[in-house]
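Visitor: So you can see what is in the structure, the chains are spelled out below.
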Amino acid sequence: MADDYETLDLHADGAILFVTINAPPMNLLGPELVRDLVSIIEILDRGEPYKVAVFRSADPDYFIAHVDVTKIAAYRQEAARLTGEASIALLFRRLAETKAVTIAQIEARARGAGNEFILNCDMRFAARGRAVFSQNEGAFGLVPGGGGAQHLVRMLGRGRAFEVMLSAEDYDAELAEHYGWINRSFEPAKLAPFVEALAARIATLPASGARAIKDRVNAISLASVEEFRRDSDLFGEGARTPEVQQRIRTAIERGFQSRDAEIDASRILGSLDN
Amino acid sequence: MADDYETLDLHADGAILFVTINAPPMNLLGPELVRDLVSIIEILDRGEPYKVAVFRSADPDYFIAHVDVTKIAAYRQEAARLTGEASIALLFRRLAETKAVTIAQIEARARGAGNEFILNCDMRFAARGRAVFSQNEGAFGLVPGGGGAQHLVRMLGRGRAFEVMLSAEDYDAELAEHYGWINRSFEPAKLAPFVEALAARIATLPASGARAIKDRVNAISLASVEEFRRDSDLFGEGARTPEVQQRIRTAIERGFQSRDAEIDASRILGSLDN
Amino acid sequence: MADDYETLDLHADGAILFVTINAPPMNLLGPELVRDLVSIIEILDRGEPYKVAVFRSADPDYFIAHVDVTKIAAYRQEAARLTGEASIALLFRRLAETKAVTIAQIEARARGAGNEFILNCDMRFAARGRAVFSQNEGAFGLVPGGGGAQHLVRMLGRGRAFEVMLSAEDYDAELAEHYGWINRSFEPAKLAPFVEALAARIATLPASGARAIKDRVNAISLASVEEFRRDSDLFGEGARTPEVQQRIRTAIERGFQSRDAEIDASRILGSLDN
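The listed protein sequences derive, respectively, from chains A, B and C.
According to my numbering, the first sequence is numbered sequentially starting from 76.
According to my numbering, the second sequence is numbered sequentially starting from 76.
According to my numbering, the third sequence is numbered sequentially starting from 76.
Keep in mind that the hints were calculated from the coordinates and are not lab data.
For each residue, glycine too, the CB sits at the ideal point set by N, CA and C.
One thing to keep in mind: the hints can contain errors.
Per the computed footprint, the stretches of chain B lying under chain A, defined by three or more beta-carbons under 8 angstroms from a beta-carbon of chain A, are [said to hold, decoys possible]:
| # | stretch |
| --- | --- |
| 1 | 165-176 |
| 2 | 208-221 |
| 3 | 240-248 |
Estimated spans, in silico, between C-beta atoms of each pair [claimed, not checked]:
| # | chain 1 | residue 1 | chain 2 | residue 2 | range |
| --- | --- | --- | --- | --- | --- |
| 4 | C | 133 | B | 135 | 36 to 44 angstroms |
| 5 | A | 271 | B | 156 | 20 to 28 angstroms |
| 6 | A | 321 | C | 86 | 26 to 34 angstroms |
| 7 | B | 325 | A | 272 | 46 to 54 angstroms |
| 8 | A | 86 | B | 335 | 56 to 64 angstroms |
| 9 | C | 204 | A | 249 | 21 to 29 angstroms |
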């Protein structure tokens, strides 16, 4: 199974599938990673043998950095294989609906679409001092295109969701936990044991119960296909405008999307006006 | 008044009705307790003389343990006296709509339908080190049948609601407060004085204002009858399947629904696969 | 510009407009302040030159105390200039929809409509030991008339929103932060620097992105005009009843709406029955 994946390392432990994102140099969400995520969702949709999936990162600095802004059309097209539409939002919404229970174990940066990926997992647990969260499309003049606004507003409330999206700032694990963005934060050494014990416990539950609970929770709180599609369209249309393209070019010139400089993405994004 | 109740001790203090759940051996939600809760809701529906009800437990270990899994048809039928439907969900939703303001003072375990009872009270305050919360129907392959999913998702957000329902774990008062599951937690000695002062203050408010506020809040956040009924139906249908019946039998063999062993319900529920 | 305002001090810093509420003796929301807020919203609706507005108070004790209960018809009429309807709720909802990003910096008491004003700002940051929050219309037998219930239920969850509105109590900055009522609290000396840095950062974002994000967040979480209007009507109709008028008179006799005595509004409001 693992041989089929360019950007993911897979490890199965009974009914638990550990999926480690490994897309050097910095875990960008480009066509290859989208293609592999499509394949994973197809596996998780079966509901067996895997009842739980845990998503991790092989990169100590980047969980999923964000989309590859130089390949927007290409990675979106990869998503269409699953959903029939060239949209990351609809792909991620399919992740939220998949039969297996999904847990994000975050020990590095998850910005932009990386943050939207974890928001569309069922649960989120993060390492203090290491995880970083940001929904920063606003710095380019864009709305989040992968459902981020839908989840952030419903989980954090409008005041905190506004702050997160309008500041385009980095948030650490403690503040993300305080805001309800993630379930809980842990000291780094305690994170993996907690997630593994939780995954093992969920794996002992009858699959029928887990699915019924997912269906009910999604019926209550998962925004509609139309809402996700609208976010996706606004992002896609905005990204093609000359103004946004100019800001993307400026950001790249200043180190955005290069591994070392982007560690401090907050500074880069705050400077695009100058 | 008190003579009419098998499972409740009542104490009135002006416009405040203190309702102490006292259904030995472990405050199971069986036909008797449901019958008495129906009577209490009928009193609270009048809006006078009681403007506030405080629910407490006489059992130091169990607030409401959960439903009596051996009497599902019987206790559901008792609920029909108030709502016309054999459903705990619709009974609890009626509690959420009653004219009096309802406060749950939790100093012991509130699992399953016990947790759903407090979720359908207007407010929840708990004692640290003593209160335990769990929405654990998933361990049997069931969805919560009394509106638990409706309230948990809206109050905790989908990530934490997933965790609570899919883990079927016990949560203490501090974590429940952190997750927004309860209003606040207190040291045990400070809980009753706080709740009594709050109840006394609310009792000084004009009843018309309290009712208007309840109506507005319910219009915004109380899930519809259809949603509660759907949860109830899913629970009821699921509970009749051979798979769920088998898990219930296994749980009972291992101590579920027996006073001492169930203190550690988390362990029992995690072992049903073995 | 500043000369046109009776109750507001304005200070512009690039794309940021600092609006300081200065309506002695205690920043009541009366006809003059409503008239000036209408003018400010008209400016913010343009989206330029101001991309961000920060609302502060010149009074160290009162941010906005609450409405002037002796002038309800008059201040409501001022709101009609902007919305065509004599309703504070619809005025505040327009504030929530204005093009500029709005931040409330709270260092004093914000009760009743004062609290609803900040709830209709995009974000809220407060000074520990100084800010006080209360949604206390219930003490008069009224529902909040300016959208307070709409926002509190969605941001705090129904349990905490019930507590806040049914107790009519004062809440400090730490508890308000804990409940999700405000974004964050800070030591007094750190509040203004934080807000100014955040405003400056947001001002560097493309206005198109900020507006698109506001539109999306409002589409998800801003209650409808009908819901705001209903709250406003209930408040207006209730305020004209003899019972409510009597409670207002009693409150005023006991110091409500007088600068010094109202510092402890909680005590006054808890005594109206006696």
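Visitor: Between the stretch 165-176 of chain B and chain A, see if three or more residues pass the 8 angstroms beta-carbon test, and mark the coverage as holds or violated.
Guide: It is violated: at least three residues are needed, and the stretch 165-176 of chain B offers just 0 whose Cβ sits closer than 8 angstroms to chain A.
Visitor: Okay, residue 133/C versus residue 135/B on CB: inside 36 to 44 angstroms?
Guide: violated, 54 angstroms
Visitor: Should the hint that residue 204/C and residue 249/A are 21 to 29 angstroms apart at their CB atoms be regarded as holding?
Guide: This hint holds: roughly 22 angstroms between Cβ atoms.
Visitor: Confirm or reject the coverage of the stretch 208-221 of chain B by chain A under the rule of 3 or more residues with a beta carbon closer than 8 angstroms to the chain's beta carbons.
Guide: holds (count 7)
Visitor: Given a hint of 46 to 54 angstroms, does the C-beta separation of residue 325/B and residue 272/A actually sit inside it?
Guide: violated, 22 angstroms
Visitor: Is 26 to 34 angstroms a correct range for the gap between the Cβ atoms of residue 321/A and residue 86/C?
Guide: At 32 angstroms between Cβs, range holds.
Visitor: Go ahead and decide if the range 20 to 28 angstroms is satisfied by the Cβ distance of residue 271/A to residue 156/B.
Guide: violated, 48 angstroms
Visitor: Are three or more residues of the stretch 240-248 of chain B within 8 angstroms, CB to CB, of chain A?
Guide: holds (count 5)
Visitor: CB of residue 86/A to CB of residue 335/B, is that within 56 to 64 angstroms?
Guide: violated, 40 angstroms
Of the numbered hints stated above, those contradicted by the structure are hints 1, 4, 5, 7, 8, listed in ascending order.
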